[in-house]
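Chemist: Residue numbers (this note's numbering), protein chains in the order written: chain A, 333 to 621; chain B, 13 to 205.
The set of hints was computed from the structure by calculation and includes no laboratory data. Mixed in with the good hints, there may be bad ones.
[What the hints assert, rightly or not] Only part of the chain B face toward chain A is listed, based on derived beta-carbon distances under 10 Å:
#  : residue
1  : I62
2  : V65
3  : S67
4  : P93
5  : G99
6  : H102
7  : S142
8  : G145
9  : Y152
10 : A154
11 : R170
12 : A179
Even glycine gets a Cβ: it sits at the ideal position worked out from N, Cα and C.
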Amino acid sequence: MRLLAATLLLSVSGCVCVAPQAPAATGRTEQHDLESAVVGDTYRLFVRLPPDYDASPDRHYPLIVQLDANLDLLEEFAVTAGYASDLERRSDIPSTIVVGVGYPYDDTQPNRGRLRDYTIPLQHPDVLGGATGGAPKFYEFLNAELMPYLEATYRVDGPTGRALFGHSLGGLFTTWAFTQHDPAAPRFAAFVAASPALHFDQASIYSHLDALGARTSAVPAALSMTVGELEGPEQNVYFDDFTRRLDQRGFTGLILDAHKYDTDHVGTVAPSFRDGLKFVFANGLGATP
Amino acid sequence: MSLALAAAVAVLTAQVPGPPQYDVDLSFVTSFGNRLALGGVAQATLRKQIWEVPSVGGSLGVGVLAGYQAEPYGLTAQYFPGTKLTGATHRFEALVVAGHEFRFFASRRFLVGVQLFIGWMQVAMRGSLSNPGVDVSGSYAANAGAFSTGAILRLGVRLTDRVSLLARAVGPFPYATDVTPYVLLTLGVSVEF
Numbered sequence: 333m334r335l336l337a338a339t340l341l342l343s344v345s346g347c348v349c350v351a352p353q354a355p356a357a358t359g360r361t362e363q364h365d366l367e368s369a370v371v372g373d374t375y376r377l378f379v380r381l382p383p384d385y386d387a388s389p390d391r392h393y394p395l396i397v398q399l400d401a402n403l404d405l406l407e408e409f410a411v412t413a414g415y416a417s418d419l420e421r422r423s424d425i426p427s428t429i430v431v432g433v434g435y436p437y438d439d440t441q442p443n444r445g446r447l448r449d450y451t452i453p454l455q456h457p458d459v460l461g462g463a464t465g466g467a468p469k470f471y472e473f474l475n476a477e478l479m480p481y482l483e484a485t486y487r488v489d490g491p492t493g494r495a496l497f498g499h500s501l502g503g504l505f506t507t508w509a510f511t512q513h514d515p516a517a518p519r520f521a522a523f524v525a526a527s528p529a530l531h532f533d534q535a536s537i538y539s540h541l542d543a544l545g546a547r548t549s550a551v552p553a554a555l556s557m558t559v560g561e562l563e564g565p566e567q568n569v570y571f572d573d574f575t576r577r578l579d580q581r582g583f584t585g586l587i588l589d590a591h592k593y594d595t596d597h598v599g600t601v602a603p604s605f606r607d608g609l610k611f612v613f614a615n616g617l618g619a620t621p
Numbered sequence: 013m014s015l016a017l018a019a020a021v022a023v024l025t026a027q028v029p030g031p032p033q034y035d036v037d038l039s040f041v042t043s044f045g046n047r048l049a050l051g052g053v054a055q056a057t058l059r060k061q062i063w064e065v066p067s068v069g070g071s072l073g074v075g076v077l078a079g080y081q082a083e084p085y086g087l088t089a090q091y092f093p094g095t096k097l098t099g100a101t102h103r104f105e106a107l108v109v110a111g112h113e114f115r116f117f118a119s120r121r122f123l124v125g126v127q128l129f130i131g132w133m134q135v136a137m138r139g140s141l142s143n144p145g146v147d148v149s150g151s152y153a154a155n156a157g158a159f160s161t162g163a164i165l166r167l168g169v170r171l172t173d174r175v176s177l178l179a180r181a182v183g184p185f186p187y188a189t190d191v192t193p194y195v196l197l198t199l200g201v202s203v204e205f
């Protein structure tokens, strides 16, 4: 039943899945392991540099941070790096660095890291087994360890040129990261939350939205949220309600796109990240120094 | 090589004259996937034995399969505490099947078969959700259908001259669609006419 529980969030493990299809990535791809003192674990980073990166030594590039980079079956880094390559070739988006954050675990533990890192602080007992509510620590890792590492290693833009992409639990974390917006120190300018598991922890993500509203009335960011029509009521009803409340709050500067695809949970990965890339760049990612 | 194979089949076929047989299968269905399902399938197959040796007989069959499964959202309610989920996904299949079947031992008591299918699968999703804790309440509906292809593994044991216990695994092949991300497991009886 624990498998079922994890599957409810992933909707991946138990199904005969159609792996997301994406164009092949162009440019240069690198892989590094980065130890985190904050989390106490090691992350596997997948870095895609655009074809013109080496020939433009003075240029800095927008940065897409992709969660669940090497999650079995979904391979979300490959999807986003592939679509970034394709959209660059079509001149739909500028040259972009894509960094996937994954885990060095073997396939027998596909959920270990993501259940720890992508689950928002627990306000109710865990019913999944393994969810720790470690999102704040992982967020600190992103900001205090990953970003300095990337800034020292690659020519990446500052926060106005950075976007966070996640799916399912990764989409929940992405939504939660959006609610952590700090006007004094913004971390990301854009977010793509695909099929976010808003139902997690009895939908306690709502309390973080309320807290954001109490903290500020201005959130200058682009936020794309997506869901699949065939994902069932626990995904669709929360999605409809959450995006409606977000819209009603009228945050100054927020560009919200709520979109439904005619597919299931796994099927939202490719179109969400493909369209998400176009969305974040069309709405100012990297346009402001 | 193919001539030799054809000749062998012809010889074997010549050894097993007889009229085609009709099988009717009725089975209970569950599934494993991202939902729990309950339902049934019925299949009618026209089967002709085409070869046999002392311990094994082989037959080709074509038929039709119709099925329905309900996936009640309430079956997963324990993973959504604080949330009331109602409704279900209703899944329908109408398939054409064709395949080959082995029947083993002199009694032909045990059967193993593989069939390929092509047909239509349709889902109708109807439900609602409420969570007073965050003041969320709403209904949900979605429909989708798709042509699907796949394979069926059949395992059976003859209980009487005409009745067999039959288990099947039905899965999409080579590709799943948004509508068919499931492997159906069936258990029921097959009646031979």
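Chemist: Indicate, hint by hint, whether the structure satisfies it.
Modeler: Now for the hints, and whether the structure bears them out:
Interface hint status for I62 (chain B): violated, as the beta-carbon distance to the closest one in chain A is roughly 31 Å, over 10 Å. Using the Cβ-Cβ criterion of 10 Å, the hint placing V65 (chain B) at the interface with chain A is not satisfied: the shortest such distance is roughly 36 Å. Checking S67 (chain B) against chain A: minimum C-beta separation of about 35 Å lies over 10 Å; hint violated. About 6 Å separates the beta-carbon of P93 (chain B) from the nearest beta-carbon of chain A, less than 10 Å, and the hint is met.
Interface hint status for G99 (chain B): upheld, as the beta-carbon distance to the closest one in chain A is roughly 7 Å, under 10 Å. The restraint placing H102 (chain B) at the interface with chain A is violated, with a minimum CB-CB distance near 13 Å, outside the 10 Å limit. Interface restraint check for S142 (chain B): the shortest CB-CB distance to chain A comes to about 8 Å, inside 10 Å, so the restraint holds. Taking 10 Å as the C-beta cut-off, the interface hint given for G145 (chain B) holds, the closest approach to chain A being about 6 Å.
Here the hint on Y152 (chain B) is kept, as its CB sits about 4 Å from the closest CB of chain A, short of 10 Å. The restraint placing A154 (chain B) at the interface with chain A holds, with a minimum CB-CB distance near 5 Å, inside the 10 Å limit. Taking 10 Å as the C-beta cut-off, the interface hint given for R170 (chain B) is violated, the closest approach to chain A being about 31 Å. Because the smallest distance between the Cβ of A179 (chain B) and any Cβ of chain A comes to about 19 Å, over 10 Å, the interface hint for this residue is violated.
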